[in-house]
Amino acid sequence: MSNLSVVIMGLGYIGLPTAAFIASKKIMVYGVDINPKVAETINQGK
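Residue numbers 1 to 46, in the numbering used here, belong to the letters of the sequence shown in order.
Hints are not guaranteed to be accurate.
Mimicking BS3-like on lysine-lysine, the simulated pairs with C-alpha atoms at most 27 Å apart in a straight line are [unchecked claim]:
hint	residue 1	residue 2
1	Lys26	Lys46
2	Lys37	Lys26
3	Lys25	Lys37
4	Lys25	Lys46
Simulated from the structure, these hints should not be mistaken for lab results.
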């Protein structure tokens with residue numbers, strides 16, 4: 001596992017797939033979005 005971590009600001013059309021791609025490379029990703037529903041949906045695995 002890598003010691004790298006990144007923060008993605010905005011989990012919309014660009015941020016979400018970018019976060020998923022980075023996470024697939026075993027890098028810790030923290031996502032931030034103004035809409036709390038986005039985080040809830042992601043945490044549910046949807």
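Q. Taking only the CA atoms, is the gap from Lys25 to Lys37 under or equal to 27 Å?
A. 26 Å, holds
Q) Under the criterion that the straight-line Cα-Cα distance not exceed 27 Å, is the pair Lys26, Lys46 satisfied? A) 20 Å, holds
Q) Is the hinted pair Lys25 and Lys46 satisfied, with a Cα-Cα distance of at most 27 Å? A) Between Lys25 and Lys46 the Cα gap is close to 20 Å, so the pair holds against 27 Å.
Q. Given the proposed pairing of Lys37 with Lys26, does the C-alpha separation stay at or below 27 Å?
A. 25 Å, holds
Checked against the numbered hints given earlier, the structure satisfies every one of them.
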